[in-house]
Amino acid sequence: MILVFDIESVPDVALLREVYHYEGSDLEVCEQAFKAQNELSGSDFLPLSFHKIVSIASVAADEFGNFIKVGHFAKDIAWESREEILLKEFSEFINKKNPRLISFNGRGYDMPLIALRALKYNLNLSAYYEVDNPKANKNKWENYRVRHSERFHLDLYDTLGVWGAARSFSLDAVCKMCGIMGKFEVDGGQVHELIYKDNDLAKVDFYCQSDVLNTYWLFLKFELTRGNLTMQDYLNNLDSMKDKLPANAPYKDAFIESIEREIEKYS
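The opening position of the sequence shown corresponds to residue 6 in our numbering, with each subsequent residue numbered one higher.
Derived by calculation from the structure, the hints in this document are not laboratory data. Check the hints yourself; a few may be wrong.
[Claimed, not checked] Computed Cβ-Cβ distance ranges for the label pairs, DEER-style:
no., residue 1, residue 2, range
1, K101, E33, 39 to 45 Å
2, S46, L20, 27 to 33 Å
3, R156, R22, 22 to 28 Å
4, N142, A207, 37 to 43 Å
None of these values were measured; they are calculated from a predicted model. By construction, the Cβ of each residue, glycine as well, lies at the ideal position given by its N, Cα and C atoms.
When you get a sec, could you build the whole thing from the sequences and use the hints?
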């Protein structure tokens with residue numbers, strides 16, 4: 006099976022307080038950390054060890070890429086106590102199913118952070134590390150951590166950028182270029198405010214879901230352009246995705262509009 010996945014994280018304010026002795030509210034600690042990091046590196050993106058995962062969303066598809074459902078892990082759990090459950094459910098799924106992962110910068114961010122935070126909770130993520138499992142068709146050349154193998158993890162950012170030869174493109178920009186909806190209402194830089202200021206985990210989850218839907222659609226286009234899907238297969242998959250979007254998702258109407266426009270254009 007295929008699992009298109011994405012994570013959202015916020016600064017780990019408890020760790021920042023412990024290491025740097027920042028004071029103030031959670032939001033104020035974030036701003037202090039961003040400012041210090043920007044002065045140090047020219048970017049406010051914190052080192053991975055200071056990221057706390059608050060959402061993991063996914064699209065499940067069959068081995069041929071046919072859409073099954075979209076959702077997120079650790080449902081109905083408050084963000085304060087959610088990270089360990091998120092990582093436990095995700096790692097158990099990977100260990101049991103060995104799905105083919107599809108991501109956008111998942112090799113550079115999502116999976117390294119998942120592996121790093123799994124250390125904090127002593128979680129078993131063995132399927133991610135194993136290199137000798139004949140039953141799962143894994144070997145030292147083909148496994149989750151081999152960068153130039155797409156069998157177990159296709160990172161669209163890495164592949165489309167020819168493994169680092171090109172780096173100056175974002176998921177949102179590529180999606181909009183392709184007629185895919187792109188970012189919906191939120192961007193990653195706002196997630197810490199949605200958590201620490203607004204306490205709005207639901208909005209973060211739906212934003213994360215919209216990102217995996219964008220990534221899934223981009224994956225379909227990628228498969229189409231390299232000859233693994235016919236145009237009719239591509240359109241059928243879009244139609245199936247349209248019909249299976251969650252009824253309560255705020256992004257539903259916007260995605261349906263984009264999908265119907267694409268189907269009409271290429272039918």
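Look at the Cβ atoms of K101 and E33 and judge whether their distance stays inside 39 to 45 Å.
Distance hint for K101, E33 holds at roughly 41 Å.
Between R156 and R22, is the Cβ distance one that fits in 22 to 28 Å?
42 Å, violated
Hint says 27 to 33 Å; check whether the CB-CB distance for S46 and L20 agrees.
18 Å, violated
Distance restraint evaluation - N142, A207, Cβ atoms, bounds 37 to 43 Å
38 Å, holds
The structure fails to meet hints 2, 3 from the earlier list, while all remaining hints are met.
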